[in-house]
Amino acid sequence: MYKIEAIIRPEKLQEVKKALEEKGFYGLTVTEVKGRGRQKGIKLQWRAGEYIIDLIEKTKIEIVVREEDVDELTDCICQKASTGKVGDGKIFVMPVKDAVRIRTMERGDAALGNGKI
Amino acid sequence: MYKIEAIIRPEKLQEVKKALEEKGFYGLTVTEVKGRGRQKGIKLQWRAGEYIIDLIEKTKIEIVVREEDVDELTDCICQKASTGKVGDGKIFVMPVKDAVRIRTMERGDAALGNGKI
Amino acid sequence: MYKIEAIIRPEKLQEVKKALEEKGFYGLTVTEVKGRGRQKGIKLQWRAGEYIIDLIEKTKIEIVVREEDVDELTDCICQKASTGKVGDGKIFVMPVKDAVRIRTMERGDAALGNGKI
Amino acid sequence: MSDISAADTAWVMISTAMVMLMTPGLALFYGGMVRRKNILSILAICFATLALISVQWVLIGYSLSFGSDISGFIGGLDWGLMKGVGVEASSYATNLPHIVFSIFQMMFAVITVGIIASAFAERAKFISFLVFALLWTTLVYDPLAHWVWGGGFLGRLGALDFAGGLVVHISSGISALAVSLVIGKRNGFREYTFEPHNLPMTAIGTGLLWFGWFGFNAGSALSANGLAANALLVTNTAASTAALTWLFTGWYMDGKPSILGMLSGAVAGLVAITPAAGYVDVSSAIIIGFIAGLVCYFAVLYRSKSNVDESLDAFAIHCVGGVLGALLTGIFASSIINPAIRGGLISGNITQFTAQFISVVVVLVYAFTVTLIIAKIVDAIFGLRVNEQEEYLGMDITQHKEKAYA
Amino acid sequence: MSDISAADTAWVMISTAMVMLMTPGLALFYGGMVRRKNILSILAICFATLALISVQWVLIGYSLSFGSDISGFIGGLDWGLMKGVGVEASSYATNLPHIVFSIFQMMFAVITVGIIASAFAERAKFISFLVFALLWTTLVYDPLAHWVWGGGFLGRLGALDFAGGLVVHISSGISALAVSLVIGKRNGFREYTFEPHNLPMTAIGTGLLWFGWFGFNAGSALSANGLAANALLVTNTAASTAALTWLFTGWYMDGKPSILGMLSGAVAGLVAITPAAGYVDVSSAIIIGFIAGLVCYFAVLYRSKSNVDESLDAFAIHCVGGVLGALLTGIFASSIINPAIRGGLISGNITQFTAQFISVVVVLVYAFTVTLIIAKIVDAIFGLRVNEQEEYLGMDITQHKEKAYA
Amino acid sequence: MSDISAADTAWVMISTAMVMLMTPGLALFYGGMVRRKNILSILAICFATLALISVQWVLIGYSLSFGSDISGFIGGLDWGLMKGVGVEASSYATNLPHIVFSIFQMMFAVITVGIIASAFAERAKFISFLVFALLWTTLVYDPLAHWVWGGGFLGRLGALDFAGGLVVHISSGISALAVSLVIGKRNGFREYTFEPHNLPMTAIGTGLLWFGWFGFNAGSALSANGLAANALLVTNTAASTAALTWLFTGWYMDGKPSILGMLSGAVAGLVAITPAAGYVDVSSAIIIGFIAGLVCYFAVLYRSKSNVDESLDAFAIHCVGGVLGALLTGIFASSIINPAIRGGLISGNITQFTAQFISVVVVLVYAFTVTLIIAKIVDAIFGLRVNEQEEYLGMDITQHKEKAYA
Ligand SMILES: Nc1ncnc2c1ncn2[C@@H]1O[C@H](COP(=O)(O)OP(=O)(O)O)[C@@H](O)[C@H]1O
Ligand SMILES: Nc1ncnc2c1ncn2[C@@H]1O[C@H](COP(=O)(O)OP(=O)(O)O)[C@@H](O)[C@H]1O
Ligand SMILES: Nc1ncnc2c1ncn2[C@@H]1O[C@H](COP(=O)(O)OP(=O)(O)O)[C@@H](O)[C@H]1O
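Chains as they are written, first to last, in my numbering: chain A, 1088 to 1204; chain B, 1088 to 1204; chain C, 1088 to 1204; chain D, 2 to 407; chain E, 2 to 407; chain F, 2 to 407.
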């Protein structure tokens, strides 16, 4: 099992989600994050001083899938989330040892509820 | 070392936290997330268009523990976080190579401050 | 590749970010989290009952880097994020199998855009 | 238009606007206390109340409340659709264009329904609330307003209710209790805590309520005179005293001074001084504020430990505070402040106290009973409550397909 | 100072304050609907409008609008810097200190520019907005105010515009459309949805607007009398009716009752009753509110399906609502409500309707054309719009170097 | 009651309500600038001020300030608990019920303490603030109000202070500085930035302040007349000019137009025009606004680079703005605007300027010294400040056991 962690533009979330759904991948977790990549920072000012904003709002999607689904999914996400401009984001793939469905205590692939299972 | 990543119902957080505490697991990190699982989506409408809400608010708990504590903890979380209804959530277990306590720069199990150490 | 997950004090974020930048590590993702460590909880009260607050606001920084950069980075973060008091936080290091730059679909180290590459 | 005073007209028009603002204020006051997923539905309920009761009032409500008396129980429909309600003065206020009196009263009908709305928080079907609101204002508010202010039997009995302790607060508070009994507890009640999602919103709401209440109470003098000024002073004094009393009581009991407590205390004081504002002096206002702050604190404490999920404590604050105010008016009313009356217990006039007591009981019984019936009927026909899944997802999405915060 | 009435002075001063509060109210109303990254820029635009137009008004605006008439088209500069505008009454209101009339009118100029501001939402350069606002108020608002209220040709034609259907709402609504055509669509328009970031903020804004509108419409009677009272009543009635109409129409069409819909409906009703408030009775107000709620609902629906990104629907609500109101005034105006007029179509006076119709067309054409020209010129010189990268990052950071929420 | 004017009564009552609303407005203005973990404590401090000072005022404050003069320094206690303060007029305003004058003044006492509250932001013990507030209002505010307005020596000297430049703004601003010196810097000051947690909240607060300030300044005419109208006009003009001045100055200095700057500028303008509102014309208001915007901008800049953590800049805005206003009144005051005075420097009356200057110095010295002593005493007995751990966790949790946002 692997966890796919995709950091994308917030406005691309709907599209990515829909594409995943169509491929049968319902289960996912979404977090609002901020990220810094290739962009330069922007200085912000307020009455008592100044600070630098180089963190842009991004959306993180986490999907745990079986090993064999990883490539299909990363491709799918790349395709949907890409605009071709700096700031499109990154995907990271991480090993997962086990998954548990809390409701039923099922373990392993059966717990994922994702993909062709 | 493993990281236990549990995605649970927000209203179960207090209970789970308390149970972990009683077992001696104080250290944990909590993130507000949104998730999609088995539920169907809901269409939302506003003046300038419509969008689909299929993301329900969830709470993610991350706990890094020694390998030998993993099973005890996942069982404990399952028990406390379960209502038996769709939406109870998932637990993922991921390998962790190392841990560092920033204050002291201790490394490894000693840095966790969790479990029977 | 490894993911460095550092949970630090929010007010240390600027400093840490700046230090990373100076070392050439631009890419990072930031999440607002809450955490419990060694501190005791605080009971909160409102008109219809009471609840316990033991979760303090923290900031999570995630940086994916090549294996050879891990030690340099964890040291750097420890140094900048530390105040010497309880609550300084933790760093966890996790294996990452692969990285993809969404815009270009580059994979592996080249996708990181971090460190001496 | 001989006796019409432009100054009084200006004062009551601005008071009308201020009382109007109380309903959005109430929406914020309540809205801050609900969970994030239900905030829009509270706002929707309150704004819909403003729109709906405004229309009901011009169609029939004003006439039912203040139209020509029918055996002391209800007004006739002669003023339906505001027919005959024009720029000439009415017998209710010979110094004001009739329209001014009627629209000032309208805002009281609106806010009263707004207070009950809290009992529907976080679990009611929107449609059912609308039907309930329409029935309630027609069958409970309009008669009560008539009984006390419109020439009905409680007024004739001599009941004093300056700005609506009986008509507004007791009636809405006890009705909120009745509704909460029919609609039932929220899922998870006493299992896990419901954290208020935005207390600063509750604070803004309290600020607007306090502001509007000056129009509510001092406007009820229907004239820009010393009586109005006294009402303004005692209103502010009772609110302040009650806020401090609740603050310190809670501090003593819980160990910490709660801002939600202080805000609740202010509202409790405002409620309790409402029936008394035109009859008591500033020392009495301090006593009334003190008692209201103390008693309502314990009423809320008791309610929150009970098994009744009257979620935003309209009963414990508005009904309990209103009862206190109505009875204390019977004690502290003074003919020095208001020469038109004979005074209360303290002036040796036991009749006044009896009149107050009887009125309180009558309003409690009538409002509770009729509300229970209305709620049961609406429940039977429309279902008062959403299903468990909808309640879990929240009213905003399931009732309104909207999300409060992106 | 013989005829000056202290009561009327008090009433119009407080009305002034209430209309002033509408601009912050508008800022919140709009602010809740934009994305989180652009909220400060909307607030900045609205507060800057308040400051800028206030200064323009005392310098030249008042004089251009209400100064000595120059061939029916514009006022002279004799009252520049408020010279000669003092505590004595003016011919515009013999019962008020001249200052009071002028500052009451000032707030109308302010809010009008505030309404157009919405067309700049989420993509305009701040500097360009400021320049535009200054030109617009001078070249569009001031002439229009003069034509209708300041002794100009539309007023002489007999056009009725009690509180600003023509001068405020049509002019700003149609201008917002013109601006949106020049400034162009937001990036991502119709590609992904723009969720309103804080609907409770929009609700607070609506509450303040509703409150302020009482000063806007009832204050426009310039006297604390029955006419003001009638304006208050019909304003509240039309707002309520329109809110309910939109709520139920949307409910029927979309399947769910939207709170944003209800709030928009309230504003639509308030807009439509604005020109009529001093001329129609409560039954007409219900009809006007109903039509406004219904038509503006479909106007917004149609606009949102069109390719025009008039982002916050100032056109569909203020222009459409204003046109409805102006024409319906020509139908429902009644000499019973206002003896100073002859009445509308329904009283058999077709001239009134014609006057209304002509005025509507004149205002539409003039405002649209001149706005288009101003917008093009500002665009050519300063660039109306930020670049794509800045739009992506949001106005708050890129235009103001500030972040709304930490 | 022969001379009492209903119109003036209405005007001052509504002004009272508007000034009352300024304290919640101030709470929001400040609340938006603090960190998320401390927002409730700011709200708690401001609402507690409203409650506490209201009660102090009716008990002794009014009498100390306006009661029978004791050698020019303080009022007697004859009006304690409002004894003798009734519906008849007082010598302070023969056109108003005495109660109206006293409650209007009450709201000034409240807001003044609210301004100082900002110096306690994010680090004070709640109990210590309450004790401080009670001592301060009794030992600083009440005497100063007496000196200037209550028949005391500064009034007799001829000092002009229309609505409270000396009594309200200088006194509170300089006292905030004194408090901040005693209480010390927040942890992390100049180490890391404190981002304002909710600037839209600050904007709402500014809107309410601006609105309320019309009551503050125009209400201070104590009559609905041309003088009030002039005050309204110059207030709005100075606020607008100062907002623009600060906006553009900051734009020039920092490269970007800051909305917080514009809002701060508006407040600075409102402060500076406060003492002058009843004495200057609109051109002078523009100059006063311009100077206030410019000077207060640099005062804030300087303060923020200094080592003094006067966290929300009550000193740099209220004290500096108040001093400017008081002195500029001595320059621009005009007997054309207010026939009751002889005019300022510009009318060739150097005495007026001297009187202003002396008053400023007296108020600065007195308020600073006494506040320092009070703060030290409260610090010694209760400890002004929470411990480091508590400060880190935030006031909301540690002082009030409450969380602002769920
Ligand atoms: N090495 C990294 N570790 C963690 N997150 C990263 C890393 N590099 C980029 N990110 C995340 O990805 C987002 C997009 O990165 P960016 O460099 O702008 O994309 P691109 O490489 O397509 O130009 C960043 O905002 C950040 O959240
Ligand atoms: N494959 C997955 N990868 C990541 N997160 C998931 C996955 N499946 C489920 N989740 C998370 O778990 C939550 C609960 O899932 P759900 O399917 O409703 O639970 P259950 O399996 O008990 O019915 C989701 O809201 C989502 O956040
Ligand atoms: N075992 C753990 N798993 C996950 N997060 C942890 C763990 N231990 C600590 N944390 C996170 O680190 C933060 C700081 O921990 P704390 O114990 O206060 O630091 P320190 O060890 O320096 O005293 C916590 O708030 C929590 O978010």
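Treat the hints loosely; a few may be bogus.
[Unchecked claim] Listed next, with one range per pair, are the computed distances between beta-carbon atoms: (1) C:Gly1195 - B:Gly1111: 58 to 66 Å; (2) D:Glu391 - F:Asp255: 43 to 51 Å; (3) C:Asp1158 - F:Tyr303: 24 to 32 Å; (4) E:Asn308 - D:Leu78: 49 to 57 Å; (5) F:Ala407 - D:Thr370: 46 to 54 Å; (6) C:Asp1158 - D:Lys186: 49 to 57 Å; (7) F:Tyr303 - E:Val362: 55 to 63 Å; (8) B:Gly1195 - F:Tyr303: 17 to 25 Å; (9) A:Pro1097 - C:Gly1195: 54 to 62 Å.
The set of hints was computed from the structure by calculation and includes no laboratory data. Heads up, the beta-carbon is just placed ideally off N, CA and C, and yes, glycines get one too.
Evaluated hints:
no., hint, result
1, C:Gly1195 - B:Gly1111: 58 to 66 Å, "40 Å, violated"
2, D:Glu391 - F:Asp255: 43 to 51 Å, "50 Å, holds"
3, C:Asp1158 - F:Tyr303: 24 to 32 Å, "45 Å, violated"
4, E:Asn308 - D:Leu78: 49 to 57 Å, "51 Å, holds"
5, F:Ala407 - D:Thr370: 46 to 54 Å, "37 Å, violated"
6, C:Asp1158 - D:Lys186: 49 to 57 Å, "56 Å, holds"
7, F:Tyr303 - E:Val362: 55 to 63 Å, "57 Å, holds"
8, B:Gly1195 - F:Tyr303: 17 to 25 Å, "51 Å, violated"
9, A:Pro1097 - C:Gly1195: 54 to 62 Å, "26 Å, violated"
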